[in-house]
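**Student:** Hey, can you work out the whole structure from these sequences and the hints?
Position 18 of the sequence shown, counting from 1, maps to 18 under full-length UniProt numbering, and the rest follow consecutively.
To be clear, the hints were calculated from the coordinates, so they are not data collected in a lab.
Some clues are possibly wrong.
As the list claims (entries may be wrong) - Straight-line alpha carbon distances no greater than 27 angstroms define the calculated BS3-like cross-link-like pairs of lysine-lysine that follow: (1) K54 - K239; (2) K72 - K239; (3) K46 - K197; (4) K17 - K30; (5) K46 - K239; (6) K189 - K13.
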Amino acid sequence: MEILESVKVCIAKALDKATADGHNVDGGLKAIGLTDQRETTVVWSKSTGLPLHKAIVWMDARTSSICRRLEKELSGGRSHFVESCGLPISTYFSAMKLLWLMENVDDVKDAIKKGDAIFGTIDTWLIWNMTGGINGGLHVTDVTNASRTMLMNLKTLSWDQDTLKTLGIPAEILPKIVSNSEVIGEICKGWPIPGIKIAGCLGDQHAAMLGQACRKGEAKSTYGTGAFILLNTGEVPIKSGHGLLTTLAYKLGPQAQTNYALEGSIAIAGAAVQWLRDSLGIIKSASEIEDLAAMVDSTGGVYFVPAFNGLFAPWWREDARGVCIGITRFTNKSHIARAVLESMCFQVKDVLDSMNKDAGEKGSLNNGKGEFLLRVDGGILEGSRHIRVGREGEELQSFQTRYGRRNQEEESGVLVQSGGKNI
1 MEILESVKVC IAKALDKATA DGHNVDGGLK AIGLTDQRET TVVWSKSTGL PLHKAIVWMD
61 ARTSSICRRL EKELSGGRSH FVESCGLPIS TYFSAMKLLW LMENVDDVKD AIKKGDAIFG
121 TIDTWLIWNM TGGINGGLHV TDVTNASRTM LMNLKTLSWD QDTLKTLGIP AEILPKIVSN
181 SEVIGEICKG WPIPGIKIAG CLGDQHAAML GQACRKGEAK STYGTGAFIL LNTGEVPIKS
241 GHGLLTTLAY KLGPQAQTNY ALEGSIAIAG AAVQWLRDSL GIIKSASEIE DLAAMVDSTG
301 GVYFVPAFNG LFAPWWREDA RGVCIGITRF TNKSHIARAV LESMCFQVKD VLDSMNKDAG
361 EKGSLNNGKG EFLLRVDGGI LEGSRHIRVG REGEELQSFQ TRYGRRNQEE ESGVLVQSGG
421 KNI
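**Tutor:** Laid out in structure tokens, this is it:
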């Protein structure tokens, strides 16, 4: 419920800012678009509108035992659903979180039996509430968010019936899948902008890719809590042979062509800086880490692996745990700070190496020179010398790198997809 209230506050502040800047909000606002944190899972009662459990966020690893069980039981092991859904069995994806709720939360079990439970990622939860909730709210999701559940068939863009049967997930609790750019519905009374259309929705990383204008053969890397690198592969889904995910890039209209992407998801990037601040007290604010790391020319042999919740792409090791090695009597806070920053670069390089191999095997994805344009964005880049000139810049020779001028690529992307001609 906190999420709903925060969105209402966000809309109200945006309206105030637009009005203060001289925009005609009352007569000029035609539609909005949504972008959201992917994979985070909610199950709620369609009769009361109340969540049946707290949302399980994307990096929550409580489902690791379910993942290990399925890997042993299913003939394809970890890759059992890759052919249809593009994703390995992992704690990361919504299907595993939904299974955990179905197996461990009595309220969820009972509501499913009574036909009162509905499932969604954050976009679905918001849209259902914004369009009426228990009074006719629309139960929908978009193709990008659906592609992150491990339940959607990448070719048909519909829920994969074999996957649902294998996992024992009832289809009736799932939302309708729509494109990224179409009028979904109107905002209901009780919200700051009743009657305004919701004209599209994108998962956050897909919105950033669209906002960065990544065409086929171009990639983007977003640095935030984690780091997420997506390469637009055009209208054909490419199965990775090197630990990456096959996912939707975007579909800008019901009849529009579907664009796909290869993705490398890194669980811990900026979150490691938060750990230095909140758990170790090495810094008082995140902004201090750059100056602290710049006090030394190297890590002094210190290496840091931020596998707090396992490792995502390209390793997919839920059992991995964080390590800091190479510490000597002469190691100081600056060496550790620099090692934390370099850990982001090393992880991104692992993903880009895999991406380079996958794309290189599909020769049409390069520019004829074996190069790939990498657009970089995200809040952690603000004022960051290290991310720009550190090991990533030294070693990534097969990518031309361009840095975003703003940290608003997701907003730009959702603006593009919500500005369709049908409004």
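**Student:** With reference to the structure, classify each hint as holding or not holding.
**Tutor:** How the hints compare with the structure:
Among the hinted pairs, K54 with K239 is inconsistent with the structure: their alpha-carbon atoms are about 34 angstroms apart, more than 27 angstroms. Note on K72 and K239: the hinted pairing holds, with a Cα-Cα distance of about 22 angstroms set against a maximum of 27 angstroms. Note on K46 and K197: the hinted pairing holds, with a Cα-Cα distance of about 22 angstroms set against a maximum of 27 angstroms. The hinted pair formed by K17 and K30 meets the criterion: a straight-line CA distance of about 17 angstroms does not exceed 27 angstroms.
A hinted pair counts as satisfied when its Cα atoms are at most 27 angstroms apart, and K46 with K239 does not qualify at roughly 37 angstroms. Under the criterion of a C-alpha separation no larger than 27 angstroms, the hint pairing K189 with K13 is consistent with the structure, at around 18 angstroms.
Violated hints for the displayed structure, listed by number in ascending order: 1, 5.
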